[in-house]
Structure formats: C-alpha cells, structure tokens
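Read in order, the letters of the sequence shown are residues 1 to 349 in the working numbering.
Simulated from the structure, these hints should not be mistaken for laboratory data.
Zero decoy hints are in this set.
For lysine-lysine, the following DSS-like pairs were computed, each having C-alpha atoms within a straight-line distance of at most 30 angstroms:
# : residue 1 : residue 2
1 : Lys199    : Lys337
2 : Lys103    : Lys199
3 : Lys182    : Lys277
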Amino acid sequence: MTENLRPSGAHSTDQDPTSYPYASPHGTAYAGAAGGYPPPPPYAPTNRRKAKRPVALLAAVAIAAGVIGGGTATLVGQFNGQDSAATGSGGAVNGTTVSQSSKGTVAGVAEAVSPAIVEIGAASSAGKSTGSGVVITEDGEIVTNNHVISGAQQIQVTLSTGRTYTADVMGTDPDKDLALIKLRGASGLKTATLGDSSKVKVGEEVVAIGSPEGLTGTVTSGIVSALDRDVTVAKDDSGSSGQGQGQGRQGGGQEWPFEFGGQQFNGDTGEETTTYKALQTDASLNPGNSGGALINMNGEIIGINSAMYSPSSSSAGSGSSAGSVGLGFAIPVNTLKADLDTLRAGNGS
1 MTENLRPSGA
11 HSTDQDPTSY
21 PYASPHGTAY
31 AGAAGGYPPP
41 PPYAPTNRRK
51 AKRPVALLAA
61 VAIAAGVIGG
71 GTATLVGQFN
81 GQDSAATGSG
91 GAVNGTTVSQ
101 SSKGTVAGVA
111 EAVSPAIVEI
121 GAASSAGKST
131 GSGVVITEDG
141 EIVTNNHVIS
151 GAQQIQVTLS
161 TGRTYTADVM
171 GTDPDKDLAL
181 IKLRGASGLK
191 TATLGDSSKV
201 KVGEEVVAIG
211 SPEGLTGTVT
221 SGIVSALDRD
231 VTVAKDDSGS
241 SGQGQGQGRQ
251 GGGQEWPFEF
261 GGQQFNGDTG
271 EETTTYKALQ
281 TDASLNPGNS
291 GGALINMNGE
301 IIGINSAMYS
311 PSSSSAGSGS
321 SAGSVGLGFA
331 IPVNTLKADL
341 DTLRAGNGS
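Take the sequences, apply the hints, and build the full model.
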C-alpha cells in the first residue's frame, strides 16, 4: 500500500478535483471548479498529531524535574551562596550545616560546627578553670556542664573568632550536670543544631569539639561505644576535691572526678553526687572538653561531653594525668532539650 505524500492543500492534477467535496462553513457541500483547489480542511490532522509530541515532552520534563528537583534546588542554592540553614526551623544560622560535598566527613563536621563551640573560663576564689560550651541561640545562650561553672564568680567566654564576652548564669541543674549561661551584648552568633539522641546507635561515628587544656577548637573523632551508662559526678563544688573538680583548676590539680561501675576516677566526687545516663564514646576527651559537643556525622549535637577517664601517670610525680584512653561520657542531647525550659526559668541557679 502506498500513500501519496504532498504539501497541505496541494493535489495531483490527474484527479478530478470535483470528486473531493468538503463541508462549507455553512454546512453545504462544496465542489471546487475544474482546475481549482478545494478549500483547506478546518484543521490538519497531521499538525494535530505533531502538536501532541511537545505536550508529551513537557510532561516528561516535568516528571524528571520533580525527581531531581531537590538536587537542583541544592545546586542553585550553592551557586547563589545560599545556605539551607538560614531558612530552617531548627534555630540554626548560616555556617552550621555540613555541605553536601563534605557530609559524613570529620572535616565537614568540624568546619560546620566549630563556630558554635566556645571556650569557657570560670574564675573563683579557688583559682581558674577551663571548659567548653555550645551556642544554641543567636543572642548568646550557651549550654555547658554545671561542674564547669559551679562556684564561679566570673565567667569569660571566648568564641571561635577569638572575641571574648562576659557571661551570666541563667540556670543550673546539678542533678543532670547541666547549666545555661548567657553572653552580655551578643547577637548574630552561629548556633549549633540539636539532634535526637534516641536515634544514636552503638558503633556510629562521632566528632568531639572543645577546648582541652585551653586549646580552643580542638577536634577529635571516634565512635559511640555504649548507651545508657550510669555515670556519677559531684553535684556542686562542695566535694572533698575542692572547687572546679571538673576542669583541672590551676593550682588544684583536680580533673573530672566521677564514678562509674562502682569505682571512682580522677579524684573524689565528694558526698553530694548525682547519677545520669550517658553516651559512652572513644573519641579523645581531655580536661577542658567538658561542656563541649559530641556530634554525629550530619553535624547535629547528640551529647554534651561531661566526663572522661584519665589514669594517673606513675612517672609524672606532679599529679598530671596520662591523657585520654578512649573512655569518655556525654549527657544525651534529649536530656538537655527536656531541661531547657527549666534552665531558662532560672530554676536551681
């Protein structure tokens, strides 16, 4: 079977044009005069079929765009210098979200979260101590351990930029070894994103950031070694180890006394103690890390570092410690989130 192909409106001369009647606009049959051409049909079927292809193509493109839309939006945001944290609902600001290219790496987590980790210097009549803290609001609310600031008469906070602020205690919860302090006159600070510690699993990679021995912004990494460890620490500075039991107060020599498994480590916790469920990690922690962040590989805070075991060095003779042996503990972040309203209300302060 053959088909006579020709342009629209053209007809072969060997056919009688009068044999091609068409309906006129008024509903009457029309026959062209001899040698003439019939009027064109109201629409061209071939054109109609061709018109369907772009519609189908557009539909396919729309579906493809829907599939890759998230990635496209991310790329557009990166090219425009936008950061998804700026519009997020978690209270984070630019600089706290791990970039797509660095996600899941220690370097990516460190770059994103370090700006929200601070060094805390607490001074009292017994001396000075150094700890760490996590910025959770743009105007300077900082979470740390109660034992970092317990008994302090003055608190100085140093940001990752080197800028220093004076801080006041908003509230403390000695039973959970948590405290909330507030910087004076701060604004526009980069904040950390609080995660969900109920989703933490043994073996997950984690990053710890703090100021061990005053070395601001020190980054270490490891894994979650265990969950729900019972850790006992002193509730305040009334223990026999003296003030500043948590941070190696200058001249005092005490470093994070705590009890675990029925034994005391790093000194005497005293008579007033509290026990909490902790995350255990082998990320290296040292005096000064207390109050700092334990972070998952998405850049979310999953715990507040609170205690570490550091066996005494037999050769030191001066009471110094041998350093981290991979036995550290952190207060789960869900404990902190449940306690924030109490801390902000100033209860226990």
